[in-house]
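We have chain A; now place chains V and X onto it with these hints.
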Amino acid sequence: MTLLAVRQVGKFFGGVRALSDVSFDVATGEIVGIMGANGAGKTTLFSLIAGHERASAGEIVFDGRNLRGLRPYEICRLGIARTFQIVRPFGGLSVEDNVATAALFGASPAASRGAALRRAREILALVGLADRAEDLAETLTLSGQKRLELARAVATGGRLLLLDEVMAGLTPTEVVALLEVVRRLHAEHRLTILIIEHVMRALMQLAGRIIVLHHGELIAAGTPAEIAADPRVHECYFGGAAA
Amino acid sequence: MDAILSGQLLAAALVTGALYALTALGLNLVYGTMRLLNVAHGDLVMIGAYVAFWAFSFAALSPLLSLIGAGALAALLGAALYYGLFQRMFDGSRAAQRLEANSLLLFFGVSVILQNVAALQFSGTPRGFQYLSDVYRLGNVALTGNRIAAFAVAIVLCFGILAFLRFHVVGLAIKALIQRRDAAAVVGVDIERVQLLTICVGFATAAIAGSLVSMTEQISPFMGFPFTIAAFVVIILGGLGNITGGIAAGFLLGALETYGVAVTSSAYRSILIYGIFVLILLVRPQGLLGGRRIVR
Amino acid sequence: MSMRATAVGLLALGIATAALPLMAGDYFVGVALWLLMYVALTQSWTVLSGMTGYVSLGHVVFYGLGGYVAALAWGALPLIAIVPLAGLAAFLLAVLIGLPVLRVRGPYFVILTFGVAELVKHVVVAIEGWLGKFSRVLFGAPDMITLFYIMLALAAAATALTASVRASRFGHGLLAIRENEEAAETVGVPSVRFKLLAFGLSALVPGMVGSVMVLRSTYFEPQQLFDPVISFTIVTMAVVGGSDDVKGPLLGAAGFVLLSELLWANAPQVYMILLGLLLIVFVLFMPEGLSGKLFPPRRRGAA
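Residue numbers (the working numbering), protein chains in the order written: chain A, 1 to 243; chain V, 1 to 296; chain X, 1 to 303.
No lab work stands behind these hints: they were computed from the structure.
Using N, Cα and C, we set each Cβ at its ideal position, and we do this for glycine too.
Check the hints yourself; a few may be wrong.
[What the hints assert, rightly or not] Each computed EDC-like pair below joins lysine to aspartate or glutamate, with the alpha-carbon atoms no more than 20 Å apart:
{"id": "1", "chain 1": "X", "residue 1": "K133", "chain 2": "X", "residue 2": "D227"}
{"id": "2", "chain 1": "X", "residue 1": "K133", "chain 2": "X", "residue 2": "E221"}
{"id": "3", "chain 1": "X", "residue 1": "K293", "chain 2": "A", "residue 2": "D135"}
{"id": "4", "chain 1": "X", "residue 1": "K293", "chain 2": "A", "residue 2": "E188"}
{"id": "5", "chain 1": "V", "residue 1": "K175", "chain 2": "V", "residue 2": "D190"}
{"id": "6", "chain 1": "V", "residue 1": "K175", "chain 2": "V", "residue 2": "E192"}
[To be verified] Covered stretches of chain A, as calculated for chain X (at least 3 residues, CB under 8 Å):
{"id": "7", "stretch": "106-119"}
{"id": "8", "stretch": "186-194"}
Chain A extracted, bound-state conformation:
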């Protein structure tokens, strides 16, 4: 069943065409990967879905509901959660308060502060931050902050998770660990995930389907194997015939 439908979406910033005629569907429970060179429009796409920007053209429909004109917090309440490419923790709050805030205000808000903290601790345990719960968020390492970002997004109770380059800046070991975390979250919270990644290995392993953006256009869509073999992808992404 289609959870998210992106239909002929376009976005202009002044004269710059960031996205043009992008269409794809995401079914419930899927993990769909998005790849493309820098500037291809990936983060812009997320901004449109999450409501930080307004689409210049096209429609975005989530669970049957058109998202046009909704503010980010309303979209969060509907069930879409996102992480940011450059992490944005609530630095002066504790790690668990970061997550508890999301639990209090998100798509399925906790009934009380106590309930929110309980949910927060569960999720923190899942992402491996349980022992840092009472520390200030700004004291975490990058890897920790990425996990916090993830935990916070999940704590909103949203069904669709937008992951924006969560693996960026992590060591290969940390990537493997985070991959496992994402898989676990996907299973235990029955999430649908849209994931932007440059770390190819992570993308190929996680995603059931991949779409490829190039200069704001969708140039290919298919399973990881299909994408890996697609000549257009090789042309645009790797610049030439497959090695």
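Leaving out everything else, chains V and X in the frame of chain A:
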């Protein structure tokens, strides 16, 4: 209507404009290079005014000469503040980040201190003095000598600084710093030194403006506020960090004020200035530092 | 310090203060009035500026408006109507200007609030000028003891308001806005609505305080009532006392009233210079304020 189009008003607008341009110039330089909003800026004008007053009253020294002293004093103050307060801000630590957000409060504290030190020293009674107050006529425009002199000095300084920025190596460094801080460092600009120079020049020009203003305005410890506000209006109108724009905007504000007051009355001068100030801040686009980034 | 200990302490303080007029003379009651005024003002201020990070340097505008309303309504309405009316007027002003004003961020917001306060001041001066009045004298104003108890109630109300906001979901949202507004929206915090509400709530008590003080002085003059020094004092008290819990404004207000008692009569400028110096010192070296230093949080919740 004749009155509006008269040369007299135009002359007045030009003089006021030149002084606003000069006052704002310093603020713009300091903001452009260090992103510091100096709310004590008007108090530097006040200091310059008092230096001129004191020099004239006790040593019969012309403000056109004592402005050098005023400038020097303000530059010294700038250096002291830089080393004492603001240098910490640029070491990149977390404490430094918090400081940047609070720099406004710091300047506010400085402002209060300056005002009250002046009040302690000179009492709150407004002062004034007569200098070059003979009237000169050019066609049907009548201007006192002090206004002409103020205008001349202000113009020379403004364009002098513009020329410096354009033609001198250090001026280029300042512009580079305003444009892209990190890039400037990478290409070898000595950020520390340039910042120090900028804050000294910025403070000095404000004090010099004060000395010029002292010839025609009443001097009091709390005269600084309106100048601070006016300076902010000017630099926002002209584009933060845009020195040339700031000078043009200074004249624009001078015109707005002169003609605005002529059309209404001098009682509305404050409403006009603060009204423009509020309006500008409300209307200008979000996240002023270049686009949609949030200024927090 | 636990919440219960704080509550008990505040209650004890409140009772002691309430007994003051029975034990001390007019002069001390007057000083206590000032203290309570600043407690009320600073606590209210922290609901906005401490919690959302939108630092208001123009809070005197709400105080002044409340005072103006009281000056206009005195004689026509009874005291019991005037005080809430003043608060309501201030609340409405906040909500009215809040939408455009709160879209401005960071230091620009700070100087904007200052500009708005000055603008309103000059507008009121102009209005009074049109009305042919340059100041107003209020005859038959209530006696100081009555005003004292009203102010005590206001200080208590402001403290209670701040405490309850902090403990609420709303307060949680405000803190998130302070830390990272865009991220807060992403996790479902309705930032515009919350900021506006915080703004309005922070104006409510100051409006009422203004009405009380105008009646205390029995004299209304806009330049005096909309004095930016009041805004500045509030901010300094909050910075020095600490703006992260309800004890902070109490410490700040007490400290400064004490200081002013020692200095104001002979050397008001010295008092102001000290205010400026303390602001600078605390911003640089102790941003968590006295309450943050003396009662450090157990690293739960806000820093």
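Taking the hints in turn, this is what the structure says about them:
1. K133/X - D227/X: 19 Å, holds
2. K133/X - E221/X: Holds, because 9 Å separates the two Cα atoms, which is no more than 20 Å.
3. K293/X - D135/A: 18 Å, holds
4. K293/X - E188/A: 43 Å, violated
5. K175/V - D190/V: 13 Å, holds
6. K175/V - E192/V: Distance of about 14 Å is within 20 Å: holds.
7. 106-119: With 4 residues close enough to chain X, the hint holds.
8. 186-194: violated (count 0)
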